[in-house]
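These are the residues of each chain, in order.
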Amino acid sequence: MSVPAGYYLILAAALFSIGAVGVLIRRSVIVMFMCVELMLNSVNLTLVTFARIQANLDGQVLAFFVIVVAAAEVVVGLALVVNLFRLRASTDADGVGALRA
Amino acid sequence: MTPVLAQATEGGAAELWTFIIVGAVALGSALGLILMRNAVHAALMLVLNFLAIAVLYAVLQAQFLAVIQVIVYAGAIVVLFLFVLMLLGVSREDSLTARVPGQKTMASIVGVLLFVSLAAATAGPFLGDASVCGSEAALEGTGDGEPCLGLAAVNAAEGNLRGVGFLLFTDYVWAFEVTSVLLVIAAIGAIVLGRRREDPAELVEPGSTVLPARPGEDDAAAAPGDGAPDAGAPDAGRPDGRPDAEPSRAEGEERT
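Protein chains in written order, with numbering that gives the first Met the number 0: chain P, 0 to 100; chain V, 0 to 255.
Heads up, some of the hints might be wrong.
With the Cβ distance kept under 10 Å, some of the chain V side facing chain P (calculated, not the full set) [to be verified]: (1) Ile20; (2) Val115; (3) Phe165; (4) Phe175; (5) Leu182; (6) Ile184.
No lab work stands behind these hints, which were simulated from the structure alone. We put the CB at the ideal spot given by N, CA and C, even for glycine.
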């Protein structure tokens, strides 16, 4: 009646796969960003679990850096989405055929 | 450490039930995130997922990250998502139909394969009795699976927050400083990208055949084509339906 560490890793793998499928099937750029955040979180869960397995806090420090980089990525990404919406009046990823305009 | 949290983090039945309930919430909200048609509902599912993962961090003896998860992710990042959703007014129903035939099926197959390979690669050695963190079997090296040592001793020495902070400002201080530069660059990038231009045509090179879609002209171009009754409403601000890129592109070619 207790939880082996592998269960957390399986949960993190499931969350990562769900996020990857979401990036593949959704068409709104904003929801795709949300799915990327979900994948980053599942990787953080893996890092924290391995930190516990190794009895070492380095994994938690790395997860902290992942959170910081994710925050920076969301800021720039959402600014890009706002620009895309100004150009296309839509956030549909399928309508974007070229990087330039 | 409070008795409840101690019970939940020391490999007892409390940890099992916490894992089952919170894991089910995390999986359900993740599925809701990719299946909800409304983007605002998807963002709310994302908040639920982040909070569930924060609970898992607390159970995994990462108290500092649990608090940071709630403050930064659930508090700041999702609010930023919702702010942009409200700003753009794209809270209407998002079409889930795929343009590529069989896209969903292929994506699901890829997802299942990814899950199987990831789970086998990471979780495979850690499923036995010895992998119960902090248990006697793990500490003595008996039983199946790789041992999970547990953070109880590390956190008891000086606390999780002091331990993470000490690492952050000694071993990882260079990465920490680089991170501050990264945040400044991200802020400057957001300011530059968010600068409002008077004429959207400045965004493309002169002579390009692709011109940006302007909401008013896009309505006029789309109205005769699909005959949408509400497309010509002058005070709509944004076109109600999802305007395609094709009318504006054809319009741009005519103009040049």
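Checklist line | Hints violated by the structure (listed by number, smallest first) | finding: 1
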